[in-house]
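Using the supplied hints, reconstruct the complex from the two chains, each of which is provided in its own coordinate frame.
Here is what each chain is made of, one letter per residue.
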Amino acid sequence: MAAPTVQALGLTKVYAGQTVVDGIELAVFPGECFGLLGPNGAGKTTTLRMLLGQTPPDAGRLTVLNHRIPEDARDMRARVGLVPQQDNLDPDFTVLENLRVYASYFGLSGPVLQRRIDELLGFVQLEAKAQAGIGTLSGGMKRRLTLARALINQPDLLILDEPTTGLDPQARQIIWQRLRSLLAQGKTLILTTHYMEEAERLCDRVAIMDHGRILACGSPHALIKQYIEPHVLEVYGPEVETWQDDVARQHARRTERVGETVFCYAEDEGALLDDLRQRPQLRFMHRPGNLEDVFLKLTGRELRE
Amino acid sequence: MMFHPPVVSLRWIPVWRRNFLVWRKLLGPALLGNFGEPLLYLLALGYGLGSFVGEVGGLPYGVFLAAGIVCGSAMNTATFEGLYSAYTRMAHQQTWGGMLATPLSVDDIVLGEMIWAGTKSLLSVAPILLVAALLGLVHSWAALWVLPVVLLAGVCFGALALVVTALAKSYDFFLYYFTLIVTPMFLFSGVFFPLDGMPIAVQWGAQVLPLTHAIAIVRPLMTGQPLPHLLPHLLVLLAYGAVAFYLAIGLLRRRLLA
Ligand SMILES: Nc1ncnc2c1ncn2[C@@H]1O[C@H](COP(=O)(O)OP(=O)(O)OP(=O)(O)O)[C@@H](O)[C@H]1O
Ligand SMILES: [Mg+2]
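These protein sequences, in sequence, are chains B and W. Numbering follows numbering that gives the first Met the number 0, with no gaps: position 2 of the first sequence is 1. Numbering follows numbering that gives the first Met the number 0, with no gaps: position 92 of the second sequence is 91.
Extracted from the complex, chain W is given alone in its bound form (with noise of 0.2 Å):
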């Protein structure tokens, strides 16, 4: 019963309008921290850094930070979500309670908040776009193509988040996820630095982790270099959200209908 398969349904749709409907009345304090803090970074990186090692990889370093900045910062934000908003949902203000007195299931609410964590991080992402852009760090009108990436990108790391939370006790257990997992994917995706320069089993390593397969895409979209085959790189990022997507179901059913 707590392992079969999905059912998958429009129902995600009310559970996603609900958490859009909070977002948009807390919007000043919400968008300050998803994109002033990717902001500054730019900032302080790219031109504080930039100005010491000028060109990365073919680029100049803000160049080259910007796409990094953008991955990076759909990731947290997705993951963010995923963690303490959703756990404070689940467990503290029993949102989700209230929804299964209702006809929809954990598998609405599942989908529904993999969605919005992803809905978040486009949000956030899209006005580090805008500014980059106008600062001169985006080569390309194919950046335009970042949005559905990060998308996609933000919705496969909500949904590991929704993994992780299904299973914490307390907001405590978050530390362990950001400690192993989330800061070392931070560092080691190709987000400040390339990977090229890392010794051969690191290169290894980061082909596991799914933000390096999103900076390979949304880094030559924005910066007008020549495209990879993108279908293994978006493959990696569509396993890694169905794989999370059934387990954090499994888990959550377990968990709530028990």
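In isolation and in its complexed conformation, chain B is listed as follows (with noise of 0.2 Å):
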């Protein structure tokens, strides 16, 4: 297998004694599409500075396209894009000046950056907007800006934290596409998404995280295999939680209730779904598990501050 594209041993990061990173491993290879997943203040983005060298480790080794991190960072960055969590375009540039200027960063410049700048525009389907001001564009345009942002160095390894937090279901869908497009074209990426069903169908792999620690890591098939019954079913309804305790208990493995609703994981659905045909009044979905389902059984039901 080639040499991993981000390699993290031990990797940790402490805040006012708190351990928000702790001793963490990751291993993301050329080309997959790796996502970190985990409630608010899980560390997903302390993780995401480490390993742009934005913040030194307090302890662990880090490898990121064959840098060295922090120490040799600067090289590193030259070859990542990031999407940040919190959009950071510039609001005194319009579109063009944002991708001309950002470009400025990385020592680029000319005719090829011209062109470049071109057909980034058109993988965002910004083009009618190059001459827009920043405060004018809607939050999907100023995500797909900061992508082409991000792009702007032809980056082999492209980090994104929550790239579509935020937007309604059409952006998301044409983030997700210009995203395959991208892993089409052989480049590795690295998400963030507190979206399952994003994280599913985009990732190659995922790791769960809560507490500064990684609870689980693998292809999101594998981990729904590993973690979740076959079955589940989703049923509320007036006494719901009388039937949960006289039926449900004895034909699912395991069951849930949250709020109204109580969630039935199964081997077997057939005595379940008998049982409820005979209960007009209780409603029930019956569906195969997900990994929203591995997530909430590993981080559990909580909220979080």
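Simulated from the structure, these hints should not be mistaken for laboratory data. In this text, all values refer to a predicted model and were calculated from it rather than measured experimentally. Ideal Cβ placement from N, Cα and C applies to all residues, glycine included. A portion of the hints provided could be inaccurate.
[Said to hold, decoys possible] From the derived model, a few chain B residues whose C-beta atoms are all more than 12 Å from chain W: (1) R115; (2) E118; (3) A127; (4) L136; (5) G138; (6) R177; (7) H193; (8) I227; (9) R256; (10) F262; (11) L297; (12) R300.
[Claimed, not checked] Here are the simulated distance ranges between beta carbons: (13) B/S108 / W/T178: 39 to 45 Å; (14) W/L9 / B/R60: 27 to 33 Å; (15) W/P225 / B/Y14: 56 to 62 Å; (16) B/G121 / W/R254: 34 to 40 Å; (17) W/L226 / B/Q113: 48 to 54 Å; (18) B/D117 / W/Y46: 55 to 61 Å.
Listed below in structure tokens is the structure:
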């Protein structure tokens, strides 16, 4: 197997006595899309900042694109693109100027750059907005511009911190499509997201993180198979609690009540379905296990601050 | 890691250039603010007050004041740039955050910002100097040497302001710096009146202020009076600039790379 694009061993970050990244091991390989999932405050952004050499780890070893980080971060960053969690486009410049000025930070200029900018504006479907001010762009357009900006140096590795948070479904679809086309070009992607569907669709492998630790890592399919029973029933309606105690617990390996809904995880769905057909007052949905089930099983259902 | 020596390279240029491009877009209000206000001082005080006080230090008051206004304006312009504008780029627009995802480092950003602050001093002083010359308040062609001195002073005041910015939690913090440092310096460095008449303690105190040393060079250049030894004055400005540069880089590394 090729040398990993990112390799982290025992990577640790401590803020004011609190360990926010706790000795994690990561290996991301060339050409793959790797997802970092975790509740708010899990340590995803902090991990990405360490990968970029934007903050030094308190312990551990880290290499990115064969550069030792943080010592050699400058040369590494010349080959990496970042879509940060918060947009930081330059509000004083137009779309075009944003790309040109950002390119200058990489030492890029001239006709080759102009061609690349034209291509990138096409790639993110913003040709018509080249002369527009940043203030006039929608959230989705800003995100696409940030993606184009991250590609200005033709990076081998693209790091995206919640690329689609706050976007409408159409805007999200465009980003997904663009990311898939980057993967087809052979780029390596690392992304964080709170949308399990997004991770399941895009990522070859995901790591589920909480309290600075990696709880599980693998392909979405393998994780679902490992942690979740093949059948999931979501049941709700009057007195669903009684039904959970009297029926569901007998036929499902695990049941869980969240608000008004009972989740049943079962190897075999037959008995549960037979019973539910006798109870028209209960409504239910029968579906296969998914990554969200894995995520909730591993990280729990309590709200995070 | 935070206070190791600065790594200096030409990568400050794109940082400087970014600010220059924004300035060029917003040219009108920027010039008016940096150049209009000092010009008002010059006209109101130079002619208004000048008609009462007559000669100061052997010079017509307007001529005496012009050199002070040039230096005071260089200080104010660079200070505003290093405080409010730099803080906006650091904290609100995350411009520096964007740069730190590229091959640029904190060191490049600080160097680019302080040279930009000096450039802005130059951009605001040059028209003041021209108008002062047209009003007959400049007595020597040597006044052209004022421009590099103003650039140096602006870089120095910009670096000092960046130290304050590195420590600031909000814009309000800058009021301390203005009230405790900038305003006293503006009043007691010989901008408006010669220091000779002040108590000896004040005269010695003024020697600590970088603005005093900028004025000590700029005034004879503009009035045609004999020049003092330049080296000590230049060294004071250079020393302030160098120490502030080092401190600003250390503090901003600590703040931005935490
Ligand atoms: N500069 C900092 N100083 C102190 N604490 C910090 C700093 N940056 C992050 N933290 C803390 O570290 C923890 C992890 O934060 P991080 O931003 O990495 O989480 P995250 O997984 O990206 O969360 P989110 O999904 O909300 O973006 C949080 O508790 C946060 O408060
Ligand atoms: Mg985050």
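- [ ] Find the nearest Cβ of chain W to the Cβ of B/R256 and say whether that gap is larger than 12 Å.
- [x] holds, 42 Å
- [ ] Evaluate the condition: distance from the CB of B/R300 to the nearest CB of chain W exceeds 12 Å.
- [x] The assertion about B/R300 holds, with a minimum of 32 Å to chain W.
TODO: With 12 Å as the threshold, tell me whether B/L136 passes as away from chain W on beta-carbon distances.
DONE: holds, 15 Å
- [ ] Decide, holds or violated, for the assertion that all CB atoms of chain W are farther than 12 Å from the CB of B/L297.
- [x] holds, 29 Å
TODO: May I ask you to check that B/R177 keeps its beta-carbon over 12 Å from the closest beta-carbon of chain W?
DONE: Check passes; 19 Å lies beyond 12 Å.
Task: Beta-carbon spacing of B/S108 to W/T178 - inside the hinted bounds 39 to 45 Å or not - done: holds, 44 Å
- [ ] Just double-check B/F262 for me: nearest Cβ-Cβ distance to chain W has to come out over 12 Å.
- [x] Since the minimum Cβ distance to chain W is about 40 Å, B/F262 lies beyond 12 Å and the statement holds.
TODO: Determine whether the non-interface label on B/E118 survives the test: each CB of chain W must be over 12 Å from its CB.
DONE: Non-interface label on B/E118 holds, nearest chain W Cβ at 20 Å vs cutoff 12 Å.
- [ ] Go ahead and decide if the range 56 to 62 Å is satisfied by the Cβ distance of W/P225 to B/Y14.
- [x] holds, 59 Å
Task: Status of the stated non-contact between B/R115 and chain W (beta carbon gap over 12 Å) - done: Holds, because the least Cβ-Cβ distance between B/R115 and chain W comes to about 15 Å, which exceeds 12 Å.
Task: B/A127 remote from chain W - nearest C-beta pair above 12 Å - done: holds, 22 Å
Open item on the list: Holds or violated: the 55 to 61 Å window for the beta-carbon distance between B/D117 and W/Y46?
Closed with: Distance hint for B/D117, W/Y46 holds at roughly 57 Å.
The structure shown violates none of the earlier numbered hints.
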